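J.: Residues per chain, in single letters:
There are 2 protein chains.
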Amino acid sequence: MKKLINDPADVVKEALQGVALAHAGRVRVMTDPNVVVRADAPVAGKVGLVSGGGSGHEPMHGGFVGPGMLDAACPGEVFTSPTPDQMLVATKAVDGGAGVVHIVKNYTGDILNFEMAADLAREEGIAIESVVIDDDVAVQDSLYTAGRRGVGTTVLAEKICGAAAEQRRSLAEVADLCRKVNANGRSMGMALTSCTVPAAGKPTFELGEMEMEIGIGIHGEPGRERKVVAPVHEVVEMLATPIVDDLPFAAGDRVLAFVNGMGGTPLIELYIVYYELHKFLSGRGIEISRNLIGPYITSLEMQGCSITLLKLDDDLTALWDAPVNTPGLRWGA
Amino acid sequence: MKKLINDPADVVKEALQGVALAHAGRVRVMTDPNVVVRADAPVAGKVGLVSGGGSGHEPMHGGFVGPGMLDAACPGEVFTSPTPDQMLVATKAVDGGAGVVHIVKNYTGDILNFEMAADLAREEGIAIESVVIDDDVAVQDSLYTAGRRGVGTTVLAEKICGAAAEQRRSLAEVADLCRKVNANGRSMGMALTSCTVPAAGKPTFELGEMEMEIGIGIHGEPGRERKVVAPVHEVVEMLATPIVDDLPFAAGDRVLAFVNGMGGTPLIELYIVYYELHKFLSGRGIEISRNLIGPYITSLEMQGCSITLLKLDDDLTALWDAPVNTPGLRWGA
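Protein chains in written order, with the numbering used here: chain G, 1 to 333; chain Y, 1 to 333.
There could be a bad hint or two in this list.
Since the list gives no way to pick one copy over another, a pair counts as held whenever it fits inside one copy or between any two copies.
As the list claims (entries may be wrong) - Here are the simulated lysine-lysine pairs, DSS-like style, with alpha carbons at most 30 Å apart:
hint : residue 1 : residue 2
1    : LYS2      : LYS180
2    : LYS202    : LYS92
3    : LYS311    : LYS279
4    : LYS92     : LYS311
5    : LYS13     : LYS180
6    : LYS202    : LYS2
Note that these hints are calculated values from the structure, not bench results.
If you're wondering where the values come from, they're calculated on a predicted model, not measured in any experiment.
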């Protein structure tokens, strides 16, 4: 294992100290338990937005804390759910009196722990809404999931709901909006290589010299099938067809197209993916009116990509365009 | 070779088409020859900023075209210098009557071709200033370079000079500023893995299972030495010591610390690098007052990082903070 780390046991702790030092004006990092919080939290009268999950997917979620996006993120150990006490501390830190939305990716540990944290927070008088993201069309049930996994749509939900919370929409409105984003978002990913969890010291799975895995999960969970590597136009078709057929997306739809890098794939390849995706969608009469291209929900150094499509309306578009000021996603601010 | 590409011969062309489709409001992409230009170029009365170099370093340079940064970028084939005609077309496209600065990384091909383009542009009546960036302290002379290589400081020079040009500083002022940034910036990089140029189909160099290369160039050019992989605090010391000693940076200096990912290294590791760099500099009384962390000048899917330090004064700081709106770097706009 070759990584830019010290002791594998200290990876999350030291990375969080890096985040704290680098972005001191924007976030503060609490330890014991680990929580990344907006520097100005709680914002009075604003719905608080909390997400979290295992580390190793950076910039998600800690890099999405800041005005216009999350109020707090709970980072677990690498590929390991955060604990209920992290989520409770985060929830209390961001409650500005208008309640808190938990955005939860559909993994069994995250679901259980966020449920427990929500119960504890409610006992302390904080109104909580929980929204589960389960947008991955690759497989039904998986290694850590009952139902579909939560992947790329999470990033879009955090941005869009963050903007809505800034507008002082109510707890119920922000939660309903988050459910709407989830209902209108679909994703699928693929891997060219595995990744290595530092504490494990060896690759999560093995792929042959000329193999790729279609439908991979963000923790290296098995996907739909392994195939011989193919030209990217075929790869895009393998990912985009099940996405489009699932919702379904139809001619005349406007979408946000999110081409995500898994962490080890260079940007030049992601732009080729985008080029092919644009051709694919144009052929079906689907218009890309917004896009996001880069590594935003990653799997350590895995090479590969995922595609997320989100059906847009005017409200979602305006919320997407609203200013955001986080370490990982920033514009207009 | 496993990559998200079609034909290796089409990588640059198709990636540029992806850029054109994704960022149509911000840039336009000219083909034959390939140039990425600000959508609103030329801006009358503003000094034009042109850079360029081989592809494979994305988002540099095409991703840095837009208000507050470059007016145009000339992408060569992967790790191959662009041609004089690309540079001439770019220069003519962005000349708003106030002259054009060429920001040139110190590689023999780039130097020769930008010199030729400058001569041709002057013949057409355009005032040109050329500034060479040679900030890499790793080695004197190299595979493609006489003198020092140009690396991370290029990104900072493009941002800072872009802001100065927006303020309508003169050609001489912007060029002098660029020379000042180069004089105050120092970099060094390292690699854990090689990268594979698509057209070559095999890794540029070989590193052993437990080897790293200290002082690597952004095309995989040999560095100072190969060593057994070490904890990141030692790696940071190996990179930061020659950087600090070279200028030298001294106690009381304020710096911009740029921790750059080589393309295949996950963000979580870059934040640990930043954490260690902060400790290293604190120990010498050097204050990090600005930072940039992420993959900005890359070497395809190479795993590794580079560190760039830029000594700041109030003018450089204000120019760094000024709004920028490019695909690869964006804030305040």
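J.: Now tell me, hint by hint, if it's right for this structure.
T.: A quick look at each hint next to the structure:
no.: 1; hint: LYS2 x LYS180; verdict: neither (42 Å within a copy, 37 Å between copies)
no.: 2; hint: LYS202 x LYS92; verdict: neither (38 Å within a copy, 53 Å between copies)
no.: 3; hint: LYS311 x LYS279; verdict: within (17 Å within a copy, 46 Å between copies)
no.: 4; hint: LYS92 x LYS311; verdict: neither (33 Å within a copy, 41 Å between copies)
no.: 5; hint: LYS13 x LYS180; verdict: neither (35 Å within a copy, 37 Å between copies)
no.: 6; hint: LYS202 x LYS2; verdict: both (10 Å within a copy, 20 Å between copies)
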